[in-house]
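Knowing the structure of chain R, use the given hints to seat chain D on it.
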Amino acid sequence: MLTLAKQRKIRLLIYLSFLSVLLFLSFLSSLMIGSFPLSPIEVFENLINPEKNKTISTIIYNYRLPRALFALITGFSLGISGGVIQSLTRNPLADPYITGMASGAALGAAIAFLIPIISIYFIPFFAFLGGISSILLTIFLAKKAKAGPIGFILAGIAIGTFASALLIFIITLAQEKAHGIIYWIYGSFSTSKWSDIIITLPIVAFCSLFLFINARDLNILLLGEEHASQLGINAKRLWILMLLISSLCVSSCVAFCGIIGFIGLVAPHMIRLILSSDNRFVLPLGGLTGAFLLLLSDNIVKSSINPFGEMPISTITSIMGVPFFIYLLIKKGGRYEM
Amino acid sequence: MRSIFALIIIALLLGTFNTAIIFAMNNNISNIDNSLTSINSKLNNLINEISSTKKELERFKSFYYPIIIKDALGRTITINSEPMRIVSCTPSITEMLFALNLSDRIVGVDKYSNYPKLVLELKEKGVITEVGGVTTLNPEKIAYLNPDLVLIDASLQKKFIPTLEGFGLTVIALEAPSIEEVINNIYITSKITLKLEEGEKLIDQIKSTIKEITFKTSKVPKQKVLFLVWLDPLWTTGNGTYANDIISIVGGINIFNDKNGWFITNPEEIISRNPDVIIFSSMTLPKSPEELINYIKNIPGFNEINAIKNNRVHILTGEAANAIERPGPRIIDATLLLAYIINPEIFNITIPNFISNYENIIRR
Numbered sequence: 001m002l003t004l005a006k007q008r009k010i011r012l013l014i015y016l017s018f019l020s021v022l023l024f025l026s027f028l029s030s031l032m033i034g035s036f037p038l039s040p041i042e043v044f045e046n047l048i049n050p051e052k053n054k055t056i057s058t059i060i061y062n063y064r065l066p067r068a069l070f071a072l073i074t075g076f077s078l079g080i081s082g083g084v085i086q087s088l089t090r091n092p093l094a095d096p097y098i099t100g101m102a103s104g105a106a107l108g109a110a111i112a113f114l115i116p117i118i119s120i121y122f123i124p125f126f127a128f129l130g131g132i133s134s135i136l137l138t139i140f141l142a143k144k145a146k147a148g149p150i151g152f153i154l155a156g157i158a159i160g161t162f163a164s165a166l167l168i169f170i171i172t173l174a175q176e177k178a179h180g181i182i183y184w185i186y187g188s189f190s191t192s193k194w195s196d197i198i199i200t201l202p203i204v205a206f207c208s209l210f211l212f213i214n215a216r217d218l219n220i221l222l223l224g225e226e227h228a229s230q231l232g233i234n235a236k237r238l239w240i241l242m243l244l245i246s247s248l249c250v251s252s253c254v255a256f257c258g259i260i261g262f263i264g265l266v267a268p269h270m271i272r273l274i275l276s277s278d279n280r281f282v283l284p285l286g287g288l289t290g291a292f293l294l295l296l297s298d299n300i301v302k303s304s305i306n307p308f309g310e311m312p313i314s315t316i317t318s319i320m321g322v323p324f325f326i327y328l329l330i331k332k333g334g335r336y337e338m
Numbered sequence: 001m002r003s004i005f006a007l008i009i010i011a012l013l014l015g016t017f018n019t020a021i022i023f024a025m026n027n028n029i030s031n032i033d034n035s036l037t038s039i040n041s042k043l044n045n046l047i048n049e050i051s052s053t054k055k056e057l058e059r060f061k062s063f064y065y066p067i068i069i070k071d072a073l074g075r076t077i078t079i080n081s082e083p084m085r086i087v088s089c090t091p092s093i094t095e096m097l098f099a100l101n102l103s104d105r106i107v108g109v110d111k112y113s114n115y116p117k118l119v120l121e122l123k124e125k126g127v128i129t130e131v132g133g134v135t136t137l138n139p140e141k142i143a144y145l146n147p148d149l150v151l152i153d154a155s156l157q158k159k160f161i162p163t164l165e166g167f168g169l170t171v172i173a174l175e176a177p178s179i180e181e182v183i184n185n186i187y188i189t190s191k192i193t194l195k196l197e198e199g200e201k202l203i204d205q206i207k208s209t210i211k212e213i214t215f216k217t218s219k220v221p222k223q224k225v226l227f228l229v230w231l232d233p234l235w236t237t238g239n240g241t242y243a244n245d246i247i248s249i250v251g252g253i254n255i256f257n258d259k260n261g262w263f264i265t266n267p268e269e270i271i272s273r274n275p276d277v278i279i280f281s282s283m284t285l286p287k288s289p290e291e292l293i294n295y296i297k298n299i300p301g302f303n304e305i306n307a308i309k310n311n312r313v314h315i316l317t318g319e320a321a322n323a324i325e326r327p328g329p330r331i332i333d334a335t336l337l338l339a340y341i342i343n344p345e346i347f348n349i350t351i352p353n354f355i356s357n358y359e360n361i362i363r364r
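Here the protein sequences come in this chain order: R and D.
Under the numbering used here, the residue at position 308 of the first sequence is numbered 308, and the numbers go up by one with no gaps.
Under the numbering used here, the residue at position 160 of the second sequence is numbered 160, and the numbers go up by one with no gaps.
Just to be clear, a hint being listed does not mean it is correct.
[Claimed, not checked] Straight-line C-alpha distance at most 27 Å; calculated DSS-like pairs for lysine-lysine:
{"no.": "1", "chain 1": "D", "residue 1": "Lys141", "chain 2": "D", "residue 2": "Lys70"}
{"no.": "2", "chain 1": "D", "residue 1": "Lys287", "chain 2": "R", "residue 2": "Lys193"}
{"no.": "3", "chain 1": "R", "residue 1": "Lys236", "chain 2": "R", "residue 2": "Lys54"}
{"no.": "4", "chain 1": "D", "residue 1": "Lys297", "chain 2": "R", "residue 2": "Lys193"}
{"no.": "5", "chain 1": "D", "residue 1": "Lys54", "chain 2": "D", "residue 2": "Lys42"}
{"no.": "6", "chain 1": "D", "residue 1": "Lys309", "chain 2": "R", "residue 2": "Lys52"}
{"no.": "7", "chain 1": "D", "residue 1": "Lys191", "chain 2": "D", "residue 2": "Lys159"}
{"no.": "8", "chain 1": "D", "residue 1": "Lys309", "chain 2": "D", "residue 2": "Lys287"}
{"no.": "9", "chain 1": "D", "residue 1": "Lys309", "chain 2": "R", "residue 2": "Lys54"}
{"no.": "10", "chain 1": "D", "residue 1": "Lys207", "chain 2": "D", "residue 2": "Lys222"}
{"no.": "11", "chain 1": "D", "residue 1": "Lys222", "chain 2": "D", "residue 2": "Lys159"}
{"no.": "12", "chain 1": "D", "residue 1": "Lys55", "chain 2": "D", "residue 2": "Lys191"}
{"no.": "13", "chain 1": "D", "residue 1": "Lys42", "chain 2": "D", "residue 2": "Lys191"}
{"no.": "14", "chain 1": "D", "residue 1": "Lys55", "chain 2": "D", "residue 2": "Lys70"}
{"no.": "15", "chain 1": "R", "residue 1": "Lys54", "chain 2": "D", "residue 2": "Lys297"}
{"no.": "16", "chain 1": "D", "residue 1": "Lys117", "chain 2": "D", "residue 2": "Lys42"}
{"no.": "17", "chain 1": "R", "residue 1": "Lys52", "chain 2": "D", "residue 2": "Lys55"}
{"no.": "18", "chain 1": "R", "residue 1": "Lys144", "chain 2": "R", "residue 2": "Lys52"}
{"no.": "19", "chain 1": "D", "residue 1": "Lys222", "chain 2": "D", "residue 2": "Lys201"}
{"no.": "20", "chain 1": "D", "residue 1": "Lys201", "chain 2": "R", "residue 2": "Lys193"}
{"no.": "21", "chain 1": "D", "residue 1": "Lys201", "chain 2": "D", "residue 2": "Lys54"}
{"no.": "22", "chain 1": "D", "residue 1": "Lys42", "chain 2": "R", "residue 2": "Lys54"}
{"no.": "23", "chain 1": "D", "residue 1": "Lys111", "chain 2": "D", "residue 2": "Lys125"}
{"no.": "24", "chain 1": "D", "residue 1": "Lys216", "chain 2": "D", "residue 2": "Lys117"}
{"no.": "25", "chain 1": "R", "residue 1": "Lys54", "chain 2": "D", "residue 2": "Lys259"}
{"no.": "26", "chain 1": "D", "residue 1": "Lys55", "chain 2": "D", "residue 2": "Lys42"}
{"no.": "27", "chain 1": "D", "residue 1": "Lys54", "chain 2": "D", "residue 2": "Lys222"}
No wet-lab data here; the hints were simulated from the structure.
In isolation and in its complexed conformation, chain R is listed as follows (with noise of 0.2 Å):
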């Protein structure tokens, strides 16, 4: 008879390796897969000797390359702070969106992207503004509504709704450069270049640096505020912190690939439903079964070009995300803790 310790051990381990698998496998399928395909060995060959064929390896290490490295860091980066917005608010709903963050930091993208001006390496920092702008007025509002976790809830759709009509005004007043932004309001990660890396890994490494660490920490905010500073944890300070850095880390990323939904609210549920609730576990591995998730959404993107393009990545992060939640959901709702 194997403890509940051993048991869920045996578990992470076997959810590791299997995770680990189909993030390589996904990743390699998305350096095969693009406008025309290329086999597992090319792809091998080109990657280990750019010389070999110029265009093959030019594609390869232009395009392809920082895409699916940029999805596995915003699904990354997703994943992680879906995790500890839902443990912050108490609420199994919340995510990025649902917050108003990711509307609001699309918003501030949005208005630096149409003034001439700014240079697109500032664009982050605009976008950090609005997410954590909004943020803050979704607290704000909460606190002076005085309804609690679903308070919060109910503000950030308020603002998220306003952001998010806000940013389509501003799209329509800016017809001539319409085209750009729209397409990248739904997400995409079809203009992912190695400088949108350059400038989110360092943040995002940062950020969940930060959460990691105060991953412990966040468990017993979960029990309460009281219970908190009973055990010596400035219970207020750590909430707006985590919830800024948070902010910080989802805010790079929806500067440069647009706001993709469900990720963060699928991912963190995944590990809690199949392993524990226990936020040292959520936050890495929703992290990683994020950035899975985001890569294989992207590769089954890429691989149904039209002739207007890509479809919105958020169109299959919902469809696989709402029915696959709705499964866990039913079948694993009695053991549901939160």
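Coordinates of chain D only, in the frame set by chain R:
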């Protein structure tokens, strides 16, 4: 009885002449395209038809009207008398009316009609009234002008037909997605407006230009061409568009001719197809031409493309872009311009990377 015999004999003679021309062209040009053959035979047929209509006209002048024609939407339309007040609803139709020497009969044009320059002058003087944008026509304004002929675009302005006909107007829908259709439109318009002389002259000019250019460019290997109309995202054309048609008759081959219509592509696809020439054509430019050329050159991986290596990126704007994007009588200009850009060495010419006013380039 004698006149009928004469007509038949003339028709037979013209038919033989027609076949002889096609034969001669086939002998001259070894690897002639199917599309080109069909364009040429279309041209010859139309010239024949115009000539016979002219003959007919001389004999039966008083019986010419009413004429019955089929428009681009397949509607049968009866023209009862010579149209004297015409409204043109697209820039290319306006250009065609001017080329057919009908400028004194135009009473209304759309907002974007700006060529030839005379249109703008006449608009300013109030001789010609503006009747709205191409997709935002104002049917009431058109009806107020009391025209006896309204020429519209079959795909973009189809929705206005019921309203216009409700005002009792004669509406003819034209469509020009290909070179053949452009020529056909010239034929139809010259036929219903009794400008047969002008129509014949114009079609003949088009014919000789196409013949000369295709003959010269058929001797060298085809250049692979990328034709862009937008950069972010990259919009290009496949088969079945006017731009694709012209590229294919001037010794070029559209790298996307395995696809259809206008569509969004991506850098990967372009790199793998490796064009020899890149043409970006846009009425207005989002940035300065130098910035745009730099932008295209700096798209990651484009340094591997022949067009970039050999500095063959061309930005067309203003009149140059209009000539290529408007399927009308400026087909002659567009053919010459694209021929010079795609095969400059044949014509001994150095083509600038940025072209707006093209007159000095094609009228050498």
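* When you check the alpha-carbon spacing of Lys309 (chain D) and Lys287 (chain D), does it fall within 27 Å? -> Holds - the C-alpha atoms of Lys287 (chain D) and Lys309 (chain D) are around 22 Å apart, at most 27 Å.
What's the verdict on Lys54 (chain D) and Lys42 (chain D), does the C-alpha distance respect the 27 Å limit or exceed it? With Cα atoms ~18 Å apart, Lys54 (chain D) and Lys42 (chain D) stay inside 27 Å; holds.
- Please work out if Lys222 (chain D) and Lys201 (chain D) have their alpha carbons no farther apart than 27 Å. Given pair Lys222 (chain D), Lys201 (chain D) is violated - Cα atoms ~30 Å apart, limit 27 Å.
For the pair we were handed, Lys52 (chain R) and Lys55 (chain D), check the Cα-Cα distance against 27 Å.
Violated, at roughly 68 Å.
Next on the checklist: Check whether the Cα positions of Lys54 (chain D) and Lys222 (chain D) lie no farther apart than 27 Å.
Outcome noted: Given that 27 Å is the threshold and the Cα spacing comes to 40 Å, the pair is violated.
Holds or violated: are the alpha carbons of Lys55 (chain D) and Lys42 (chain D) at most 27 Å from each other? 20 Å, holds
Distance restraint between Lys55 (chain D) and Lys70 (chain D), which requires alpha-carbon spacing of 27 Å or less = Answer holds: Lys55 (chain D) to Lys70 (chain D) is near 22 Å, not above 27 Å.
- Below or equal to 27 Å on CA atoms is what counts here, so check Lys54 (chain R) against Lys297 (chain D). It holds: about 17 Å lies between the C-alpha atoms, which stays within 27 Å.
(Q) For Lys42 (chain D) and Lys191 (chain D), compute the direct alpha-carbon distance and say whether it is at most 27 Å. (A) OK: Lys42 (chain D) and Lys191 (chain D) at ~16 Å, within 27 Å.
Need the status of pair Lys309 (chain D), Lys54 (chain R): alpha-carbon distance at most 27 Å? 14 Å, holds
Distance restraint between Lys55 (chain D) and Lys191 (chain D), which requires alpha-carbon spacing of 27 Å or less: Holds, at roughly 13 Å.
query: Does Lys141 (chain D) pair with Lys70 (chain D) here, judged by a C-alpha cut-off of 27 Å?
result: Holds, at about 26 Å.
The structure is inconsistent with the numbered hints 3, 11, 16, 17, 18, 19, 20, 22, 24, 27, although it conforms to all the rest.
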